[in-house]
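Engineer: Taken in order, these protein sequences are the chains called A and B. This note's numbering numbers the first residue of the first sequence as -17 and each following residue consecutively. This note's numbering numbers the first residue of the second sequence as 1480 and each following residue consecutively.
The hints are all genuine.
With a cut-off of at most 27 angstroms between alpha-carbon atoms, the simulated DSS-like pairs for lysine-lysine come out as follows: (1) B:K2313 - A:K127; (2) B:K1885 - B:K1867; (3) B:K1647 - B:K1623; (4) B:K2313 - A:K123; (5) A:K127 - B:K2359; (6) B:K1639 - A:K49; (7) B:K2194 - B:K2256; (8) B:K2194 - B:K2154; (9) B:K2194 - B:K2247; (10) B:K2006 - B:K2422; (11) B:K2359 - A:K123; (12) B:K1873 - B:K1995; (13) B:K2422 - B:K2354; (14) A:K54 - B:K1645; (15) A:K49 - B:K1647; (16) B:K2221 - B:K2154; (17) B:K1595 - B:K1773; (18) A:K54 - A:K(-5); (19) A:K123 - B:K2354; (20) A:K49 - B:K1645.
Short, incomplete list of chain B residues facing chain A, as computed with Cβ under 8 angstroms: (21) G1818; (22) Q2314; (23) V2355.
Covered, in the sense of this in silico footprint (three residues per stretch, anywhere, with C-beta under 8 angstroms from a C-beta of chain A), are these stretches of chain B: (24) 1760 to 1773; (25) 2356 to 2369.
Honestly, the hints are just simulated from the structure, not real lab data. All C-beta atoms, glycine included, are put in the ideal place defined by N, C-alpha and C.
Chain by chain, the residues:
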Amino acid sequence: MTISTQTLLVNGKNFTINADPNMPVLWALRDIIGLSGTKFGCGSGLCGACTIHVDGAPMRGCLTSLKQVVGKQVTTIEGVEAAQLRAKWAEYNVPQCGYCQAGQIMSAAALLATTPTPTDGQIDEAMAGNICRCGTYPRIKAAIKAAATENAEA
Amino acid sequence: MKDWALSRRDFIKKCVIGGVTVYSAPMLFKPEEAIAAGVKESLAQSWFQDGKPAFRFDAIEKITGQKIYGRDYRAVDIPSWPDTQHHAFIVRSHIANKVYLGLDLDIIPADIQPYKIITAEDLKNNELTLPPFYGDNMLLEVGKVPDYLGHELAILLFDKFDDFIKAKLLLQFHEQFVKYGDEVVPYTALSRPPYAAWRIIRQESAQGVAAEDQYSTFSNGQFFPKYVGQKLEWPKANNDSKDAGEKGMFIANALRQEIDSNKSWFVLDKHYQTQSIEPMMLEPEAFNGFYDKKSQTLHVVITTQSPQDFFQQAGKVLAQSPLTKGITNLVVHSPYIGGGFGAKDHTIFPYYGVIASLFATAPVRLANNRFEQFQSGLKRHPFSISNKLAFDKKTLKIQGFVSDIKVDGGGRENFSPSVTSVGASASQGIYYMPRNDIQAWCLPSHLPTAGSMRGYGSLQTMAAMEMMMNEAADTLAVDPFTLRRANAMVDGDKNTQGATPLGKIRYVEMLDLAEKHPIWQQRDANKAKFDKANPDKSFGVGFGFVSKDYGTGANAPSAYAGVTPEGKLVVKIFSVEMGTGTDTSQATLVSDYVGKAADTVEIAQIKLFDAMELFEDDNPYIMSQEHQDKMANDPRWTPAVVSASSASQSAFFQSHATKHAAKILFEETLFPAAKAIWLEAGGKAEKILIDNAQWQNGQLTLEGFAPIEFSLLCKKAHALGIVTGVMTHAFNRWEWADGDFKVSNQLKNYPLDAIAVEYGIGASKAIKATLNKQGFKVIPRQSMRYPKVQLNSAMVRYYTPCLTMVEVAVHKVSGVVEILRSHTWIEPGKVHVKQLVEGQIEGGLTMGVGHVLHEYLPADETGAGNGEWNIDRYKVPFAKDNGVWNIDYTMLPPIEGIDESKGLAEVVMIPIVPAVVEAIYQATNKRFYHLPITPNDILEAIK
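So that you can see chain A by itself, here it is in the shape it has in the complex:
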């Protein structure tokens, strides 16, 4: 539990920070590096608002410690390559308050990266851990499905 100097690779850039290696990545992103797109929701890995990618896999930023991502590539909503998904997100008018949407997009992007044309069931499974209190679920699914359809046609 001592503060030490660490290097964090976020969105392709190296950040040198002084922090406890047990600190959750979410806190480092928001309070030290200044990337506020990844949100705090529950602090317990239950809502999905803090979803990031670690070497491409979706992880909860609030439960992932700095020492767990040493030498790994962390990707946040600010850096994820998801232009097509974002376009569908806008086209289908997904966001309402928008607070959970970074986490939703990160989960969806991780799904499409590994499964470009997912079934309805696969979408359900991949998005099962993301809460949207505004209830934008139908639009989230429609946007993912539309992006997947474009993948299939490409």
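Starting from the structure of chain A, add chain B where the hints point.
Structural biologist: Frame of chain A, contents of chain B only:
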């Protein structure tokens, strides 16, 4: 990190309260980063395409992580603040039955101790208190018993993030951190009088509904009980009395006696219990503040739905304390918020942030984690409802309705009185009641404070009414549509208060539509098929139909529409945007008048509208007619300067102010500019008539003249120095106030009570001399008509109806209820942006599913107030919980010329509740009278 410039000049000058000048600060925006963050160029080009919004106004920021929410603000982000960020932690009591004896901070290491512990003694010594609306005991004094679970005890300040986090982790759940003494029973709350009590009584005239009621709350006026302890003492019944209370009680007692004795009536007598609900907006409340002693300025960042309230109340708090006598300026950042659902409306939270800022030695951040939000955030009120509903056995017509509603308001009063009132007046649902006696009262308790959460009381009472109608139809062995048609209100019917709803009532039309739907028509065949294919499940269909009020009876929206010399259309509104799309809808609706959507929309412009110089002097709900008549002669007076933002307020009320600002902008700016251009081109004045001008593809057209681009009109208006910006204020007490105004030459009537205008850069010195400090000229109103104060007794007159039908499958082994598909019918009035309405329908449905099946907080010491709740225990609906692939809806088209946009963000969550209850009954043959209905409840029932 200060990557953009902001100086004091950028703050918008405000009112002065007790010597403290209040400013609002602009919000942080990062649109450039959003565009650069990997969105397609075509996407970033324009949000408004082909005459309609292609997506939400702020969609790009929201999908790139660049949207800045209140919780995101750090000291380093804000110009004029030091970069240092301190952190605050509120210590709250997890019990309410023992004497508080102080804190034991020895349980954390010396090197991570807080540098300041703010206690009740500090507040007392410095005369710091909560605003009266929130009550007393802001921090509990040592030696006293907490008023409620979660009562705030102290605020700890830390100067290092790491120390703060370590200390908070060690302290928040430590059993010995807060020291308690003797156990005290009963709870302090049990000795406090009710927060409010209401009685709604009506008896139809023997001549029918069209005649004047024999008695009604609307006609005879409201009356209130005396409180004896926590009991209500209503006036003594006297039929011969002229006193509204005595006469009303006679009418009420007569109905209650007849309901218990009339043998020709079928009376359904049921009790319903609803639960405490956590709004669970995904952004927990947060605050950042900096007391800059050098400039005598307190800067704050708040996450609230009601910043206007904070402006006023915080100013007063600062003005009265010796500690803050050095503060001459209060600068309020009121950023975008990540969900509200009522939980950020008049929340007590920011006042604790203010206190932390005053004692901190650098900018200090206070942010609830989810446990703290559960413990301290505003809740939805639990309702205990005893209803008796009497039907004529032959005609199936409702003969009378009696209701006793007891509401748990929690630890502080907050909006409990009005939530109770709205719940009571909503009880009737869509039905006509010839006689009714509804009493509703709200009691304090040791639970966390309940507030204005989505539904505002009507969810609880209307769901109960629909559960009764479904059960009554079953017991009477009549089709539930038939029973509803026999009792649904039609045009001319009065509500339980005796007031006539406004607009066309289309309940029967909606029943007809729903009855024809395949979910209903094929329900028996579908059940047989499903049950056969799924022997471990049972299929059921149910529906609910409600009509939710919207409006407060004192809505006071403000709006601004103006043009820049460069041709940009700017809209500024009073409302706060919480995700419903207010900014998008307001930007869009102006195109009806000015030919294009707004280029920018600035929301939450609370004090901007001080330019209209309006003042209020009394409570609009209880002022006398005489006072209103007298004050209406003062052209700067209004019954209410502002009203709170909530999800059901923007579509109708905010739109009214915005569209009239746009309308006047067309009349006073754009058309006159066009006329000048056409005259210069040799046109004849008599042929240039405003009624014949039309917008086509962003150009103003008139037969026989060259079309003119919008930007050219703006340039011309500025060059001419005519009106280039219009500010409006309106007041609605179940009708709009209207007045006569002469903006330029012609006296015109508008449904507004204030207009102010600004002029173009070419305005003459003479015109400029007429402008006030804010650069506006207030247009004197020449006559004014406000809605009669009697309309306060109407309690509500605007309604949005919504019917939801649902198919469920109940798992016989687990008791889990699965939503298979649903269809919702809604009458939204005129729709500004279809996708926004669709989003509200889908979202409301999900929240309703949570209310009926999942969400529950115990109403005792084991509930959220104990500080141990998070979403591991509290089930918020996920996508899989609401049949997400099979949600469908029908929006009734508006009636041209009659329908305006209706408030609908709340109604859509309500009918799914009784629909699911009924569907479970159809699947299990078991009725439930409490919410939520859990798998365990079902398993117990079907054992």
